[in-house]
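K.L.:
Each chain, written out:
Protein chains: 2
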Amino acid sequence: MVDATPTPVMVCGVGGKMGRATASAVVRRDGFELIPTALGKGRAGVVDVDGVAVTVIDVDAEDGEAVLKKAMETYPGLIVVDYTLPESVNANGELYVKCGVPFVMGTTGGDRDALLREVKASGNYAVIAPQMGKQVVAFQAAMKLMAEQFPGAFAGYTLTVTESHQSSKKDTSGTAKAIVASFNDLGCDFDVSQIELVRDVENQTGRMGVPEEHLLGHAFHTYRLTSADGTVSFEFQHNVCGRSIYAEGTVDAVGFLKRKVDAKDSKTLYDMIDVLKEGAMN
Amino acid sequence: MVDATPTPVMVCGVGGKMGRATASAVVRRDGFELIPTALGKGRAGVVDVDGVAVTVIDVDAEDGEAVLKKAMETYPGLIVVDYTLPESVNANGELYVKCGVPFVMGTTGGDRDALLREVKASGNYAVIAPQMGKQVVAFQAAMKLMAEQFPGAFAGYTLTVTESHQSSKKDTSGTAKAIVASFNDLGCDFDVSQIELVRDVENQTGRMGVPEEHLLGHAFHTYRLTSADGTVSFEFQHNVCGRSIYAEGTVDAVGFLKRKVDAKDSKTLYDMIDVLKEGAMN
Numbered sequence: 002m003v004d005a006t007p008t009p010v011m012v013c014g015v016g017g018k019m020g021r022a023t024a025s026a027v028v029r030r031d032g033f034e035l036i037p038t039a040l041g042k043g044r045a046g047v048v049d050v051d052g053v054a055v056t057v058i059d060v061d062a063e064d065g066e067a068v069l070k071k072a073m074e075t076y077p078g079l080i081v082v083d084y085t086l087p088e089s090v091n092a093n094g095e096l097y098v099k100c101g102v103p104f105v106m107g108t109t110g111g112d113r114d115a116l117l118r119e120v121k122a123s124g125n126y127a128v129i130a131p132q133m134g135k136q137v138v139a140f141q142a143a144m145k146l147m148a149e150q151f152p153g154a155f156a157g158y159t160l161t162v163t164e165s166h167q168s169s170k171k172d173t174s175g176t177a178k179a180i181v182a183s184f185n186d187l188g189c190d191f192d193v194s195q196i197e198l199v200r201d202v203e204n205q206t207g208r209m210g211v212p213e214e215h216l217l218g219h220a221f222h223t224y225r226l227t228s229a230d231g232t233v234s235f236e237f238q239h240n241v242c243g244r245s246i247y248a249e250g251t252v253d254a255v256g257f258l259k260r261k262v263d264a265k266d267s268k269t270l271y272d273m274i275d276v277l278k279e280g281a282m283n
Numbered sequence: 002m003v004d005a006t007p008t009p010v011m012v013c014g015v016g017g018k019m020g021r022a023t024a025s026a027v028v029r030r031d032g033f034e035l036i037p038t039a040l041g042k043g044r045a046g047v048v049d050v051d052g053v054a055v056t057v058i059d060v061d062a063e064d065g066e067a068v069l070k071k072a073m074e075t076y077p078g079l080i081v082v083d084y085t086l087p088e089s090v091n092a093n094g095e096l097y098v099k100c101g102v103p104f105v106m107g108t109t110g111g112d113r114d115a116l117l118r119e120v121k122a123s124g125n126y127a128v129i130a131p132q133m134g135k136q137v138v139a140f141q142a143a144m145k146l147m148a149e150q151f152p153g154a155f156a157g158y159t160l161t162v163t164e165s166h167q168s169s170k171k172d173t174s175g176t177a178k179a180i181v182a183s184f185n186d187l188g189c190d191f192d193v194s195q196i197e198l199v200r201d202v203e204n205q206t207g208r209m210g211v212p213e214e215h216l217l218g219h220a221f222h223t224y225r226l227t228s229a230d231g232t233v234s235f236e237f238q239h240n241v242c243g244r245s246i247y248a249e250g251t252v253d254a255v256g257f258l259k260r261k262v263d264a265k266d267s268k269t270l271y272d273m274i275d276v277l278k279e280g281a282m283n
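Top to bottom, those sequences are chains A and B.
Here the first sequence is numbered in our numbering, starting from 2 and rising by one per residue.
Here the second sequence is numbered in our numbering, starting from 2 and rising by one per residue.
Just so you know, not all the hints are guaranteed correct.
Since the list gives no way to pick one copy over another, a pair counts as held whenever it fits inside one copy or between any two copies.
Think about it this way: if two alpha-carbon atoms lie no more than 25 Å apart in a straight line, the pair counts; the simulated DMTMM-like pairs of lysine to aspartate or glutamate are [stated by the list, open to error]:
(1) Lys278 / Asp49
(2) Lys121 / Glu149
(3) Lys145 / Glu236
(4) Lys99 / Asp61
(5) Lys171 / Glu197
(6) Lys99 / Asp190
(7) Lys278 / Asp230
(8) Lys70 / Glu88
(9) Lys145 / Glu279
(10) Lys278 / Asp186
(11) Lys145 / Asp275
(12) Lys170 / Glu66
(13) Lys278 / Glu149
(14) Lys145 / Asp272
These are computed hints drawn from the structure, not numbers from a lab.
The task is simple: from the sequences and hints, build the whole structure.
P.N.:
Here it is, written out as structure tokens:
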């Protein structure tokens, strides 16, 4: 499908770090086109993304619905990516549904149950996922599959979990919590309060091996299982620097959603597991 | 079932390292009893296993079938474990089938297709598996599940594989080869000839972290996946010292087989995946 028209993508929240990284990934990826308009809240202006000047329309000052509908007319097949703020998640979801534009919601927070319920009921095409790092999602799902298939396989093993994030992140990694739940199903007896949170530069650069240039944006996780007699150990690490894994996963989700829209698939609401499952068909 | 009669276990090959480790695990495990007789080939004698004197009957000199049948009468519910030699695998399998004794075949090698075919056709209860390390099997299966569910999820990632074994092991780890196959299905383009074989003491103790006392018996594996732009890496390690993981997994297999025999299960031939799947029921 090399000759096909590129898929037009609007990135709402392009003024933020994640939105900008995603917009940049859209520009770089063959088969996708970043459109020069985006919705924002409280901040109008122009953002340059690798040479594409994107005009951000402030939805507090202008009619977001009108802007979106015009963009949909100008760019048939438009797909919206949302990397805005938790407080905008539900309002933006409603707007996309109202306009009937397919969207990928990468923004976390908001009332997730309400979001999923309303989008599903609407029949609007969407990918909604709290974690867009495709390979991290795959690993997390693999541990869950192992726990479902082989419950108790690691009974008697001791688990230790260490995670390092930028010091501005105060809470425990949600990914680590989800993976700990799987290890507990595998027979470990571990409480999430036992997860070691590394937030100081010395341990990050030294023990964890975080590159200095990524101290302000990284997600390093180490899980270690040790047998009761100490003769066997398993270690799993997933170490992410910067935002490219999330940006690339988001563009994958856009491409996936485009195919579903074109195929008029009867299922309309998806998550990253759905995107991953179709890997062989890409 | 704390008050139940212990399951009697004969360990053929008790004179060898793996047989002896398994016999010792049988002695230590509640609910199991090591019987004081075993079959051996070319070497008769008495082996002391944690205080249990096991008389080894040389099948080249005496009638193995008669010895086995007598043991089955003396110890109702007997289960045989086989850790002998590749050249004995098929003959021993035939003997166990002829006597109708359930068995766990931990010995590798021999004509596997013939073994599996004949045991399956006989309807004799057996667990036959080339790898008894339950947790290693679980990990290997988890990577296979991930590859089946999410083909291509790691496309563009570079894989490196390093494995360390005792210097007497000349060939590449079979487990590493199997796991590499899954990573290839996940989108890596890796040839098993690229697996780095570490067989020298300096790299084993230094880089790989093998404890000195296990230089003569260990299996350390490291798989590392790195994204094209270098910002993301995943690392998986499974490091085994000595034989206890295999010995314990074998006793788990014996317990599993005992339950299948007692339940008169319609399926009679199993592998370690079956043992693992029943984890929740143990």
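K.L.:
The structure should be examined with respect to each hint, and the outcome stated for every one.
P.N.:
Results for each hint:
1. Lys278 / Asp49: neither (34 Å within a copy, 54 Å between copies)
2. Lys121 / Glu149: This pair counts as neither: shortest intra-copy Cα distance 27 Å, inter-copy 28 Å.
3. Lys145 / Glu236: both (16 Å within a copy, 18 Å between copies)
4. Lys99 / Asp61: within (18 Å within a copy, 84 Å between copies)
5. Lys171 / Glu197: within (12 Å within a copy, 40 Å between copies)
6. Lys99 / Asp190: neither (47 Å within a copy, 44 Å between copies)
7. Lys278 / Asp230: between (38 Å within a copy, 24 Å between copies)
8. Lys70 / Glu88: within (23 Å within a copy, 76 Å between copies)
9. Lys145 / Glu279: Both: 19 Å inside a copy, 16 Å across copies.
10. Lys278 / Asp186: both (24 Å within a copy, 13 Å between copies)
11. Lys145 / Asp275: For Lys145 and Asp275, the Cα distance is within 25 Å both inside one copy (15 Å) and across copies (18 Å).
12. Lys170 / Glu66: neither (34 Å within a copy, 68 Å between copies)
13. Lys278 / Glu149: Answer is both: 18 Å inside a copy and 9 Å across each meet the 25 Å cutoff.
14. Lys145 / Asp272: For Lys145 and Asp272, both the intra-copy (16 Å) and inter-copy (22 Å) Cα distances are at most 25 Å.
Checked against the numbered hints listed earlier, the structure breaks hints 1, 2, 6, 12; every other hint is satisfied.
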